[in-house]
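Trainee: In the numbering used here, the protein residues as written are 112 to 368.
Just to be clear, a hint being listed does not mean it is correct.
Once the Cα atoms are required to be at most 20 Å apart in a straight line, the calculated DMTMM-like pairs of lysine to aspartate or glutamate come out as [what the hints assert, rightly or not]:
1. 127 <-> 206
2. 245 <-> 163
3. 127 <-> 116
None of these hints come from the bench; they were simulated from the model. Model, not experiment: these values are computed from the prediction.
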Amino acid sequence: MTFQEHYIVFMTIFRKEFNRFMRIWTQTLIPPIITMALYFVIFGNLIGSQIDKMQGFSYMEFIVPGLIMMSVITNSYMNVSSSFFSSKFQRSIEEILVSPASNGIIILGYVAGGVTRGLMVGFLVMVVSIFFTKLSIAHLGVLICFVVLTAIVFSLAGLLNGIFAQKFDDVNIIPTFILTPLTYLGGVFYSIELLSPLWRSISQINPILYMVSGFRYGFLGISDINIFAGLSILILFTIILFSLNLYLLKRGVGLRS
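Based on the provided sequences and hints, a complete structural model is requested.
Mentor: What follows is the structure in structure tokens.
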């Protein structure tokens, strides 16, 4: 296939994904915004007003980057995992897989849809946060790198979930029992400097900590981790997950009945 043909395939899948979540925007875009607004009110205003400054910033300012990143992670992941599994369930994925389109382009199309939804929700949550606190951006380049790479990583992870899922309940197992706990323990609501040495060491195993802290560095200029280590982890996860998804699609894992 020529470059133009690959581009057409990519844009076709991307448009399908974009139209899919935009058709039901009241279910895909509004609920996470309402949820994050409640976090701002409860944790930021009510509880945060009783907490001293965190690393030189008000508690609300400190948690805003983490809450934005949490919404990006959740929506990027769920968009791809639910969409790909639905295509499997309806057996429409077979039409794509038997086409001349390469597996790499198919993956990129689904990931682009997940990244777009994740970034859209993240942007909307950021807009809502302006009503609760002032926002400042210390390092725009770092901010963009971390949020885009994080959306890509969790879109790829969502695709992996969609490949292995055999029923609709399987799509929610990873987010419920793994993704949500890791996110809450990833420094969204606290700095790991407050933890004991033991728990600080344990927290550093959590990859989401590096994503949240790196994103917070883009906003506030503070971080619990080394920024270059965070970027390296994101790039490594991107390469591993893309390669794994490519291998699984090529082998037909989870796709052959």
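Trainee: Compare the structure with each hint and give your call.
Mentor: Hint check:
1. With a C-alpha separation of about 14 Å, the suggested pairing of residue 127 with residue 206 holds against the 20 Å cut-off.
2. Distance restraint check for residue 245 and residue 163: the Cα-Cα separation of roughly 17 Å lies within the 20 Å cut-off, and the hinted pair is therefore satisfied.
3. In summary, the hint linking residue 127 to residue 116 is supported, as the alpha carbons are separated by about 17 Å, within the 20 Å threshold.
Checked against the numbered hints given earlier, this structure breaks none of them.
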